[in-house]
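Model the placement of chains B and A on the given structure of chain D, informed by the hints.
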Amino acid sequence: MIRNPFLRRIAPQLIILGIVLGLNVLVFPDFFHVEMKNGRLFGNLIDVLNRGAPTALLCVGMTLVIATKGIDLSVGAVMAIAGATAASLVVDGNHWTVAVIGALSVGALCGMWNGFLVAFLRIQPIVATLVLMVAGRGIAQLITEGTILTFLDPGLIHLGAGTVKGVPTPVLIWLTLGLFVAYFVRRTALGMLIEAIGINEASSRLAGINSRVLLVCVYVVSGIGAAIAGIIVAADIQGADANNAGLWLELDAILAVVIGGNSLLGGRFSIVASLLGAMIIQSVNSLILLSGMPPEFNLIIKALLIIAILVIQSPKVAHLLYILRASAPQSHPKQLPPFKESKR
Amino acid sequence: MIRSTHLPLIVTLATFVLAYALCAWQYPAMLSLRVVANLLTDNAFLGIVAVGMTFVILSGGIDLSVGSVIAFTGVFLAVVLRDTTMHPLMAFALVLVITSAFGAAMGSIIHYLEMPPFIVTLAGMFLARGAAYVLSTDSVPITHEFYDALQQVYWKTASGGRFRLIGGVMILTFLVGIVVAHRTRFGQNVYALGGGSATSRLMGVPVASTTIGIYAISGGLAGLAGIVFSLYTSAGYSLATVGVELDAIAAVVIGGTLLTGGFGFIAGTFFGILIMGLIQTYIVFDGTLSSWWTKIVIGGLLFAFILLQKGLTWASTARRKAATGFVTPS
Amino acid sequence: MTDERRPMLQAKGISKFFPGTVALDNVELTLHAGEIHALLGENGAGKSTLIKCLTGVYRRDGGMVVLDGTEVDPTSTHHSQTLGIGTVYQEVNLLPNLTVAENLYLGRQPMRGPFVDRRRMNAHARETLRDYGIRIDPAQPLATYSVAIQQVVAIARAVEMSGKVLILDEPTASLDHDEVQLLFSVIRRLKDRGLAVVFITHFLDQVFDICDCATVLRNGQVVGRLDLATASRNDVISLMLGRQLAAQVRAPKPETAGKPLLQIEGLQKTGMLGSFNLDLHEGEVIGLAGLLGSGRTEAANLIFGAVKADQGKLRLRGKDIQVRNPRDAVAHGFALCPEDRKTDGIVGELSVRDNIVLALQARQGWMRKVPRKKVDAIAEHYVRTLDIRLANLDMPIRLLSGGNQQKALLARWLATDPDFLILDEPTRGIDIGAHAEIIALIGRLQQDGMALLVASSEMEELVAYASRVIVLRDRNQVKELTGDEITSENIIRAIAADPRMEVAE
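Residue numbers (this note's numbering), protein chains in the order written: chain D, 1 to 344; chain B, 1001 to 1330; chain A, 2001 to 2505.
Do not take every clue at face value.
[As the list claims (entries may be wrong)] Computed, partial: chain B to chain D, Cβ under 10 Å:
hint : residue
1    : 1068
2    : 1083
3    : 1114
4    : 1115
5    : 1116
6    : 1122
7    : 1131
8    : 1136
9    : 1146
10   : 1150
11   : 1153
12   : 1155
13   : 1242
14   : 1243
15   : 1295
16   : 1303
[Unchecked claim] Derived DSS-like pairs (lysine-lysine); straight-line CA-CA distance at most 30 Å:
hint : chain 1 : residue 1 : chain 2 : residue 2
17   : D       : 316       : A       : 2342
18   : D       : 69        : A       : 2191
19   : B       : 1310      : D       : 69
20   : A       : 2479      : D       : 69
21   : A       : 2369      : D       : 316
22   : A       : 2308      : D       : 69
What the hints contain is simulated information worked out from the structure, not anything from laboratory work. C-beta atoms are modelled at their ideal positions from N, C-alpha and C, and glycine is treated no differently.
Pulled out of the complex, with its shape left as it was, chain D reads as follows (with noise of 0.2 Å):
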């Protein structure tokens, strides 16, 4: 038994991340090997991290937004919006600090209209962010006027490919982020706050809780962190690609999400957890490459994974489960009790 509670909040994570990536150092035994090359650190358990950068930025402001009752659709489309808005500002001469608060900006806006619309006309999330899904793609074409805008300004280059000291920069930024605001909503009481907003909004409301500025705000979270994995993308193919950049990624996120034990009916919720959600979903498609498995079985795979996480973490087959394990230190285990109360 595990005493401290974080630990043991995140120990299915961790289990299944550990079956994962000892599942790829079967079929690939190399695969903690990690090598200096050039000045950058070479290595598959490098590639997980930095490939699922994205991913892993965008599970920071959804699970916060998940456990409010809610859901961001739109993060995909404001990854492409921002990566736009920052490849255009450095297209046109602006220093790349400049492109970035200016991409940061328009991430934040977005995440704006999207709380505005769900804490003030009450609309739900679901539909609410459905329109910036749909719009977004298109805001990011009109901005790089349908070409793939792109730049050769260094600095926000190495946001996407460089190193700091031989560590990708993109893993540094998902790593120092991630962990930031789980420490910062744990540090302060906006954690517990959002936790019972997601959880009965009208006891809130009475206890005195701004639900509605709180609501805005983790909207605004989840598109700052859309802007800046918007931003890393783009930086990674030196170019915004307004069709392909951060597709479907909404769905990945929120797979990470939910692979990381947060409930799609809000509540309590673990950043941690859904981090390392997002990097089990990596480490799967990196088993998937290794294993020389045709990458076509790679969403077969996924569908699957998740279905399997989803039934297990489904009420239902809880209670089931609950019932078999009531029943199983029985001393006679074929007199299981009746699945229904029987009549009286």
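Quick look at chains B and A alone, frame taken from chain D:
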């Protein structure tokens, strides 16, 4: 008298008429039957899949898997027709059975495991797309004389427009959909579920079979849309029709159906499809406008309709008809 | 009442247990055809549990139900409906998005081949509803009609499908006076048709208006059966309201009130509360008395800003203040323990610790987190002083019993050190022990100089601790009792006073 539930439908119709009038005023050529014929042909697969989506949304659910199912169907047909001697009709029947069963399976999971449709159909989306990849990652051309024969079925108008078979299939699908939604017990049960599943259960609606049926229909119609799409493109490609589920959802909402379920009409979806097609046609006619405006305008329309529906919900809860229907009490 | 007729429905010795409580204890209910039978009792008395046992929502733990001479055991609402027991609830259990006719015939539509015969369905619906005295277009969506019409449609569906017993669970709660009369004309028609009708309401006028006899429940037991032709309003009210505290020691009441704290002038909201005035001093406990629906809860919510008032002035220690939402109220040192613990009070999945610190944390703002040590100290302090029984502070609050949840909510507000504490039904649905403790606590807080406003349906309880009692009736302040005037009899008299009689005085 206008019923409040009909208002979104009327707004959709008015939007369509207005938009078409605007287009015709700027480009009189858009009034031609040729344009109308192309509108039907180009949007046939989207229309068919939107009928299924309307059923799902009316019941308060959502189906994200349809785009992948269309792609799967196309690849499946192409591979089967390439590698076996099966007659296309037989292949059509087979693929419709597979896709309907796929939908029914998702419906069962949603109902029996009480999982949100969003997540279940998301998994379905990955699964169907993955199955398509496994069959073939390349675009597989379909060459079969039966396909050629079907593609030659059209009605040519005097002005040179061609009303093709697939447009007819879409219109037929809409007609059947309208009848099922408004004239059968199943249709009433769909609306009942959208009004509230707990209340429906209390009132004796067979919730399980209705839910499963709804997703089976959506899956089956996605299969039919896949067949139509393969006739349209003469190929099966696993990367095709990405994001079609979004277009279908947008068409349903622009067609006046409430995304939370319970209110809406299949006929509205038809006009939703036409409006979206019209926007694209206009941009093609204009020539200077870029294609991305389609997405932005559709997003804007989506927002406008969501606001309209929100407003109607507020208005109807704020003001109800007084009990004037009573005969004077004794 | 001796009645030789065979009863339409007879419930014998019905018992129902929930973990930790006895919800129904050997309850008897007898209904005859052509009779309108009132089922009375305050919330938590067991009315709805009894109804749920009769209609198959709950399985009873003891007793039997005999319907029209045969023993029945309904397993679901649908089953009980086919047996002949139909139920209509306060929230209309129909589908607002379907038309009136579709609602009436859902699941049993007239068919022509594979298709629903809409024309015939609408014609049938129109005819049926005409029998109920309403002429409406059944092809319109249900939502376009008023709640009164919806209620009649719900009744029509229940009667057409069942036909023996009709249970009406607070059908008039959201209707205005005229609508109530129209609904009553429908119920009288059904009585003439020979149905046995159970009528549940909190409005005594309506009980005397339409019902023939009454069964009164309190704490899960039948405390009386009355023939309403001979019983008086006082009889009914004193049966309904608890007296189990009569023997308890009364909290000492300070003779002189403290400094003036809060003045409320003309607080009102259309449809919820007529002009409400209150002068509140430190160390004072004001009781809010009245039957359910009299405006007790509404007054509490309006003062706290949980519902925005149309108009009204609040003055705190001589200064005008604005209370637009609960956040403002908390900032001014107000606190409210709401009536419905589950939906408005506890945050179920959060730990007891977090629930206790929630209001304090919300007031401090999210930036300044209450340090863990202080949280533990506060939580442990209140767990000890309020005697909250729990396994540990980390358990989700929803797992606590009702009484302990209530104490934890009290702790949540006491942690903010409020000047003015509003308690809405603080002792509802909790066990006797916790009940006495909460009453003792009210006395203690008062002695510490806190001002309290307590809305309660327990007369004896109010008598025990209130220094003044404001009586509400029909959403209006009708009487204020002070000093020796505060007795159960006086409160009951003020509640029961027939408004028409008052005008004549």
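Hints versus structure:
1. Interface hint status for residue 1068 of chain B: upheld, as the beta-carbon distance to the closest one in chain D is roughly 9 Å, under 10 Å.
2. Checking residue 1083 of chain B against chain D by beta carbon gives a least distance of about 17 Å; that is not within 10 Å, so the hint is violated.
3. The restraint placing residue 1114 of chain B at the interface with chain D holds, with a minimum CB-CB distance near 5 Å, inside the 10 Å limit.
4. For residue 1115 of chain B, the interface hint holds, the least distance from its beta-carbon to any beta-carbon of chain D being 5 Å, beneath 10 Å.
5. Hint on residue 1116 of chain B holds. Least Cβ distance to chain D is approximately 6 Å, under the 10 Å limit.
6. For residue 1122 of chain B, the suggested interface contact is upheld, since its CB lies about 6 Å from the closest CB of chain D, less than 10 Å.
7. With a cut of 10 Å, the hint placing residue 1131 of chain B at the interface with chain D holds, because the nearest CB-to-CB distance is about 6 Å.
8. With a cut of 10 Å, the hint placing residue 1136 of chain B at the interface with chain D holds, because the nearest CB-to-CB distance is about 9 Å.
9. The criterion of a C-beta within 10 Å of any C-beta in chain D is not met by residue 1146 of chain B, whose closest approach is roughly 28 Å, and the hint is violated.
10. Checking residue 1150 of chain B against chain D by beta carbon gives a least distance of about 30 Å; that is not within 10 Å, so the hint is violated.
11. Interface hint status for residue 1153 of chain B: violated, as the beta-carbon distance to the closest one in chain D is roughly 34 Å, over 10 Å.
12. Because the smallest distance between the Cβ of residue 1155 of chain B and any Cβ of chain D comes to about 34 Å, over 10 Å, the interface hint for this residue is violated.
13. Hint on residue 1242 of chain B holds. Least Cβ distance to chain D is approximately 8 Å, under the 10 Å limit.
14. For residue 1243 of chain B, the interface hint holds, since its Cβ comes within 10 Å of a Cβ in chain D; the closest pair sits about 8 Å apart.
15. For residue 1295 of chain B, the shortest C-beta to C-beta distance to chain D is roughly 3 Å, which falls under 10 Å, so the interface hint holds.
16. Checking residue 1303 of chain B against chain D: minimum C-beta separation of about 5 Å stays under 10 Å; hint holds.
17. Proposed proximity of residue 316 of chain D and residue 2342 of chain A is supported: the alpha carbons are some 23 Å apart, at most 30 Å.
18. The hinted pair formed by residue 69 of chain D and residue 2191 of chain A fails the criterion: a straight-line CA distance of about 48 Å is larger than 30 Å.
19. For the proposed pair residue 1310 of chain B and residue 69 of chain D, the alpha carbon gap of about 20 Å is at most 30 Å, so the pair holds.
20. Proposed proximity of residue 2479 of chain A and residue 69 of chain D is contradicted: the alpha carbons are some 45 Å apart, above 30 Å.
21. Of the pairs offered as hints, the one joining residue 2369 of chain A and residue 316 of chain D is violated, with about 37 Å between alpha carbons and a cut-off of 30 Å exceeded.
22. Of the pairs offered as hints, the one joining residue 2308 of chain A and residue 69 of chain D holds, with about 25 Å between alpha carbons and a cut-off of 30 Å not exceeded.
Comparing the model with each numbered hint stated earlier shows that hints 2, 9, 10, 11, 12, 18, 20, 21 do not hold.
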